[in-house]
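Chemist: Top line first, the protein sequences correspond to chains A and B. Residue numbering for the first sequence follows the working numbering, beginning at 166 and increasing consecutively. Residue numbering for the second sequence follows the working numbering, beginning at 1086 and increasing consecutively.
A portion of the hints provided could be inaccurate.
Among the chain A residues that face chain B by a calculated CB cut under 8 Å, a handful are [unchecked claim]:
1) L223
2) R242
3) K243
4) A246
5) M247
6) F249
7) Q250
8) V253
9) A266
10) L293
11) P297
Just so you know, the hints here were simulated from the structure itself, not pulled from any lab data. It should be emphasised that the depicted structure is a prediction, and the values quoted were computed from it without experimental measurement. In this text, a Cβ means the ideal position worked out from N, Cα and C, and glycines have one as well.
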Amino acid sequence: MATNNGIQPLHLEQVSYAVRGRTLIDAIDATITAGERTIILGPNGAGKSLLLRLCHGLIAPTGGRVAWGGPFAREARKRQAMVFQRPVMLRRSAAANIDYALGLRGFSGADRKARLAEALRNTGLAELAGRPARVLSGGEQQRLALARAWALEPEVLFLDEPTANLDPAASREVERIIGAIHASGTKIVMTSHDLGQARRLADEVLFLHGGRLVERSPAEAFFERPRTDTADAFMRGELYW
Amino acid sequence: MVVVANAFGEALHLLTSFDAELMGIIGLSLQVSLGALVVAAAIGLPFGAALALYEFPGRRPIAVFLNALMGLPPVVVGLFVYLALSRAGPFGFFELLFTPTAMVIAQTILITPIIAALTRQLTEDLWREYGEQLRSLGSGAGRAIPTLLWDGRYALVTVLLAGLGRAMAEVGAVIIVGGNIAGYTRVMTTTIALETSKGNLSLALGLGIVLMLLALIVTAAAYLVRETAVRQLG
Chain A
166 MATNNGIQPL
176 HLEQVSYAVR
186 GRTLIDAIDA
196 TITAGERTII
206 LGPNGAGKSL
216 LLRLCHGLIA
226 PTGGRVAWGG
236 PFAREARKRQ
246 AMVFQRPVML
256 RRSAAANIDY
266 ALGLRGFSGA
276 DRKARLAEAL
286 RNTGLAELAG
296 RPARVLSGGE
306 QQRLALARAW
316 ALEPEVLFLD
326 EPTANLDPAA
336 SREVERIIGA
346 IHASGTKIVM
356 TSHDLGQARR
366 LADEVLFLHG
376 GRLVERSPAE
386 AFFERPRTDT
396 ADAFMRGELY
406 W
Chain B
1086 MVVVANAFGE
1096 ALHLLTSFDA
1106 ELMGIIGLSL
1116 QVSLGALVVA
1126 AAIGLPFGAA
1136 LALYEFPGRR
1146 PIAVFLNALM
1156 GLPPVVVGLF
1166 VYLALSRAGP
1176 FGFFELLFTP
1186 TAMVIAQTIL
1196 ITPIIAALTR
1206 QLTEDLWREY
1216 GEQLRSLGSG
1226 AGRAIPTLLW
1236 DGRYALVTVL
1246 LAGLGRAMAE
1256 VGAVIIVGGN
1266 IAGYTRVMTT
1276 TIALETSKGN
1286 LSLALGLGIV
1296 LMLLALIVTA
1306 AAYLVRETAV
1316 RQLG
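Assemble the whole structure, with the sequences as input and the hints as a guide.
Modeler: Rendered as structure tokens:
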């Protein structure tokens, strides 16, 4: 299983992201450590997805610094994975989609086969392995995206609103799998605008609004008594963008 | 109108008689154009994809230039290849002028830009959809080229068909570099041009019908393959 402290913690130092003079992420300072499930919460347009992409390294900050602090920080690229809101599947079978990812990361032989089989089994996709990925339902595709990420046994898994397009049953299944991935030793960093989901999954909440990190608290404390008016308003459904 | 009526009779007669000379002409047409297609695809597919995926200075101008080359006039291509391959030309020592090989070269030059430009457009759209996911999985632009070409394979069939169609239909380039030598470099389009100039209108039109039939069969076959695959693979 994934080691817990190879590349972590993740340091965000005054991280900003601006496009054509508009600041979308505004000087965020945070250290994200191994272990807990971190949920980035906030209304639409708060900059959650952008922050996640900055953390994952898909985009570079226009100000500040994103840096991994662990002893294997140089291997950070290979030790993290991301699941997107809308899963991107290649035009090949479900199993081949996972196998493709394993190949890219340099797995081969028996190890590769074992990881593939285990990922399919763990996500309940074993029976759909041979089906073309693109004809699977939305929920099945998102499970496949999770299986693809899980097979890589990343140290950190980023998830961008993974249930935003799913029905309740499919969402529950995705949440179960996320729990299992976490239980296997992977750090979870996930965005959500869904309070119920955040309550179910979060150990720690980063509350984002207007590109700023407004509040960061342990989940229980955050939901019981938010320290800021903005977070309080968001939870009462009264925060308008 | 008599010409048209006769032409259909002629076409039917041509097809049912399995005339050896005609079969040779059809065979050479296919051979030359398919040969050009294979070479053009081998160059155009990876080049087009690379142009879409790699960012470097001058990329946009090259893409625009490539698009412009799609409209390359066949006679001009023929003329350049003629000059290059003629005795006095830089490649004269290969002695390729007035051979089927010269015709393949000319058609390759004609359709490679078409395949490259359309592939670039297609790959760029695919990269927009797949880019983040593939980069997240650890794929760079180089590794993404075969992945995207394979994922775009159904659309690329249409791209290849566009190239083949252009090659089979053109007459200007092959007539200059091939010389329309009977039994050696005579293809369908050059035969049509020749028969028309001789006043053999129904024969020319008959050949034209055969040519169009051929194009229809190839296109329909590719369409069916594509549709079946898309339905099964999504």
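Chemist: Hints first: check each against the structure and report whether it holds.
Modeler: Cross-check of the supplied hints:
{"no.": "1", "hint": "L223", "result": "holds, 6 Å"}
{"no.": "2", "hint": "R242", "result": "holds, 6 Å"}
{"no.": "3", "hint": "K243", "result": "holds, 6 Å"}
{"no.": "4", "hint": "A246", "result": "holds, 7 Å"}
{"no.": "5", "hint": "M247", "result": "holds, 5 Å"}
{"no.": "6", "hint": "F249", "result": "holds, 6 Å"}
{"no.": "7", "hint": "Q250", "result": "violated, 11 Å"}
{"no.": "8", "hint": "V253", "result": "holds, 4 Å"}
{"no.": "9", "hint": "A266", "result": "holds, 5 Å"}
{"no.": "10", "hint": "L293", "result": "violated, 13 Å"}
{"no.": "11", "hint": "P297", "result": "holds, 4 Å"}
Against the hints set out earlier in the document, violations occur for numbers 7, 10.
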